[in-house]
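Chemist: So the chains spell out like this:
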Amino acid sequence: MILVTLPIESQKTAHIRLTLNGEATDVSFAPYKTLLEVLREDLGHTGTKHGCELGECGACAVLLEGKAVLSCLLLAVECDGKSVLTVEGLGADGKLHPLQDAFADLGAAQCGYCTPAILVTAKALLDSNPNPSREQIREALSGNLCRCTGYQQIFEAVEAAMIKIAGKTSC
Amino acid sequence: MRVIGVPRRRVDARAKVTGQTRFADDIFLPRMAYCKLLRSPHPHARIRKMDTSRAAAHNGVYLVLSGKDLPIEYGILPVSQDEQALCVDHVRHVGDPVAAVVAREELTAFEALDLIDVEYELLTTIADPEEALATPAPRIHEYGEEGNIHKRVSLEFGDVEQGFAEADEVFEDTFFYQGNTHLPIEQHASMAIKDPEGKLTIWSSTQTPHYLHRALAKVLQMPPGHIRVIATPNGGGFGGKSDPFNHEIVVAKAALLLDRPVKICLTREEVFYCHRGRHPVLMKFKTGVKKDGTITGMHLQTLIDGGAYGSYGVASTFYTGALQTVTYHVPRYKFQGCRTFTNKPPCGPKRGHGTVQPRFGQEVQLDKIAEKLSIDPADLRLRIAESSNAVTANFFRLSVVNLSECIRRVVKNSDWKEKFRKMPDGRGVGLACSAYLTGAGLPIYWNKMPHSGVHIKFDRGGGVAVFCGATEIGQGSDDVLAGIVAEVLGLETFDIRLYTGDTDLGPVDLGSYSSRVTIMAGNAALQAAERGREMIAEAAAEKLGVPKERLRFADKRVFDSAAPEKCLTFAQAVCNAEARFGTIGTMGSYTPPKSPALYKGGGVGPSPTYSYTAAVVEVAVNPATGWITVPKIWIAHDIGRALNPTLVRGQVEGSVYMGLGEALMEEQEFRRLPKKLSHALVHKFPSMLEYKSPTSLDMPEVITELIEEPDPRGPFGAKEVGQGPLLPIMPAVANAVYDALGVRIDEVPITPEKIMKALAEKKAGRTPRFGPNHFPKVNWPEALRVPPPWEGGDGNAVNDVPRAAKHNPEKEKVLSP
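One line per chain: the protein sequences are A and B, in this order. If you want my numbering, it's the position in the first sequence, counting the first as 1, plus 5. If you want my numbering, it's the position in the second sequence, counting the first as 1, plus 108.
Calculated directly from the structure, the hints in this document are not laboratory data. Some hints here could point you the wrong way.
Far from chain A by the CB rule (all over 12 Å, computed), these chain B residues [claimed, not checked]: (1) R156; (2) H198; (3) F272; (4) K394; (5) R658; (6) F689; (7) W735; (8) I741; (9) G762; (10) R780; (11) G825; (12) P895.
Under 7 Å between C-beta atoms, here's a sample of chain B residues computed to sit facing chain A [stated by the list, open to error]: (13) R117; (14) S804; (15) N887; (16) E890.
Here the structure is a predicted model, which is why all the values come from computation and not from measurement. Just so it is clear, CB atoms sit at the ideal spot from N, CA and C, and this is done for glycine as well.
Kindly generate the complete structure, drawing on both the sequences and the hints.
Modeler: Structure follows, in structure tokens:
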């Protein structure tokens, strides 16, 4: 039997341990891969999308240590020991996150392709600023392109979730 | 009604907000291989030689395909079967695919593309329609009218010269509408397998699984019954996923040859090469009016840049002249359209398909007419708006028309009378209107079958499963089906299971294009649900001992309206009906009404009913920089009935957004490389960064009002909403810029640079305008002369053989996406 050299993509020589949606996770992958590719291809987390893989559309946003980042521009090897939150980790205890509920109820997701990234970006905003103005919401989401909604129902959904979250924490 | 008309969470919302909606590229299968396409770097060339042996020998490569493996031509329209999955010997635009590599890993496939040696012989590049008219050879295609003219049409409804003779004023204006693209966030992706029985299954981000099914059967020479097409939910379509695509055919072929799953996902750059977006159109409008604004005649000429393939282009050509008569009463109308081939990615249907460009011209010209006649532009439109149940000069039968109400609402909501010509310098408002089809009246290929079908299965647990070919592209087609069925059966949408966009499971629906799903799949669902309710009611009436007419279906129960305690749960009622009739399954289908437009070309434009929209846009323009901001937009849409108002509003505002992008920034532009390089014609910016589209920071506040008067043609009275509301935005912006600064921008997009040029013209005392000044000479064919209804016309051309006398079905392939 002749052993040929494997194509580079098959050489899963990189290895990291990260906290993915709250769970300690080990993964091996080809060292050149982005976090986006590792999430989708090596970890089966296809909720995070891609629209350009050049950092232009924002569809691949995830939270790294609580901050919104573009997973297509981040090498997975940089995420060793870090915490990553994707849309799959937004809900808890079998319930949707208030942002998810508001997006579903208020028409903020049409085709749903940009939605996962917008949801986590909005979460990062509300985590750091529980009471953002409409202008601050616009600013926070300005790196996430949406071709369906015209953004208005997205803004309204973020505001509805903001009120719901504020109501919960105050009582 | 408990479901219809109530703002509610769409049926597929939970999947979307949890990231569980499975788009085509989210499918991963065991043993899957990856496909990449080698694309032409030249805009126009012959393939002299190709050597794929080095690529085929590359470690990890399973298969290399080239043109000779898939030589059969296909295309969306029967009259334009001009594409090959991989070019055999002729490439027609930068990005035309010439070979495919399938490999164990995507990166390997990428690497192997570099190992394919192709020798090209460069041909003269044709960059735009004027070059195409002037350059009959080399021909981009060996078919078409002549040279590089793909399609020419000429239609005359009444003597338009007589119309001009009767006019008090005649206006002539030329306009240019630049091309732009759909830019769905999801890149096109497909996965094909040879299934365990040896048949083909393909999952693809397509808006038209039925047409892809037909194209695959043709190119692969397989019985359609052995092919299953599953349209995955589209991550945005807007018309850009409506053609059968080369990559879909390639992965299908590769999967069959390799007997393993093969996937492709295009890069963003490749999506720009797929294109099929808005045609660039040069237009000349000549319109005669009386002093009171009454139109006496209109002559419209369009010159259309089709790009490298036919795509929907023959239909697009007709569409650039079809709907001018549907908004305002035009008693005499002449339309001439010419589509040329050019060496650019093919244009096709984008939201508003072909009607957007002439709508821009017509609405801006009306603004000029209103000013010249000293009539308020809103009042002018109210005077000439078409009325319900009219038949237009070109024989389109209208149903409910609420255009006037739309105008009145936006005038009121925007405080128009206090703003128009009264705002300070640099600020202004503009108004425009539009109409759009609620579904194309004819199918793309000639047949007499229904345009949409629905099966409903009722099970003993009270479960209801709906099967339909309709394709969810984000617009909410699944929710339309679930909402209608739930309403009829007294259920909630959550009780309905949907199996859609799958050619194996559901009856044919022609696809998500021409704003046809709500009316066609919706009416089919309504019929199937009503048939099911009828059977369940008949059996329940016997069981409960009450007259059938007294039974009501609500709250998951079937009950006597006179004595609600006499009832069955819905599940009991289904079991009861199954005991009475046997297994319960019902079917519904929908075929649009026959159109009175019998002349050749009359197949493009008829629709069961039309939606109407009016919009007012406010702008603030900095006269020093030309920079435009849009603080607010008011829009009113004649929807018939909003089945789910949350989704309807989303469609209106999404259309406004996309229209604003076209108005201000979006353009599919090309440039020639320097002579010392190849002088090739290339896409100026095939990236999302440089192809500008509005972000959350650019989007103004939108005040949406829905005008609801149920249309008898629509399910529960509903009309379309996905496309119509886009149309008035661009002309309303142009008219607002004029109100703000007194300069006309007769071209889209309206950029600061163009505004500065127009302001310079104004300052120099010349016509304060930016836009095209000429329309080239086109060798038009003799017009088909169709007397309008009020001149005794019967819908046929007087100088052509009447339709009824024709026996050649090939000639009757009427096209109408």
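Chemist: Take the shortest C-beta to C-beta distance between R117 (chain B) and chain A; is it under 7 Å?
Modeler: 5 Å, holds
Chemist: Can we confirm that no CB of chain A comes within 12 Å of the CB of K394 (chain B)?
Modeler: The assertion about K394 (chain B) holds, with a minimum of 35 Å to chain A.
Chemist: Against chain A, does R780 (chain B) hold up as non-interface, every C-beta pair farther apart than 12 Å?
Modeler: At about 25 Å from chain A, R780 (chain B) clears the 12 Å cut-off, so the statement holds.
Chemist: Compute the least Cβ-Cβ separation between F272 (chain B) and chain A, then decide whether it is above 12 Å.
Modeler: Holds, because the least Cβ-Cβ distance between F272 (chain B) and chain A comes to about 41 Å, which exceeds 12 Å.
Chemist: Grab the minimum C-beta distance from S804 (chain B) to chain A and call the hint holds if it beats 7 Å, violated otherwise.
Modeler: 5 Å, holds
Chemist: With d taken as the least Cβ-Cβ distance between H198 (chain B) and chain A, does d exceed 12 Å?
Modeler: Since the minimum Cβ distance to chain A is about 30 Å, H198 (chain B) lies beyond 12 Å and the statement holds.
Chemist: Measuring Cβ to Cβ, find out whether F689 (chain B) lies farther than 12 Å from everything in chain A.
Modeler: With a cut-off of 12 Å, F689 (chain B) remains clear of chain A, as the shortest Cβ separation is near 38 Å.
Chemist: In terms of Cβ atoms, is chain A entirely out of 12 Å range of G762 (chain B)?
Modeler: 5 Å, violated
Chemist: Would you say W735 (chain B) is clear of chain A, with no C-beta pair closer than or equal to 12 Å?
Modeler: W735 (chain B) is indeed farther than 12 Å from all Cβ atoms of chain A, at 18 Å.
Chemist: Please check whether the beta-carbon of R658 (chain B) is more than 12 Å away from every beta-carbon in chain A.
Modeler: 36 Å, holds
Chemist: Go through the hint on N887 (chain B) and say holds or violated, using the shortest Cβ distance to chain A against 7 Å.
Modeler: Status violated, d = 40 Å.
Chemist: With 12 Å as the threshold, tell me whether P895 (chain B) passes as away from chain A on beta-carbon distances.
Modeler: Label holds. Min Cβ-Cβ 44 Å, cutoff 12 Å.
Hints 8, 9, 15 and 16, counting from the list given before, are not met by this structure.
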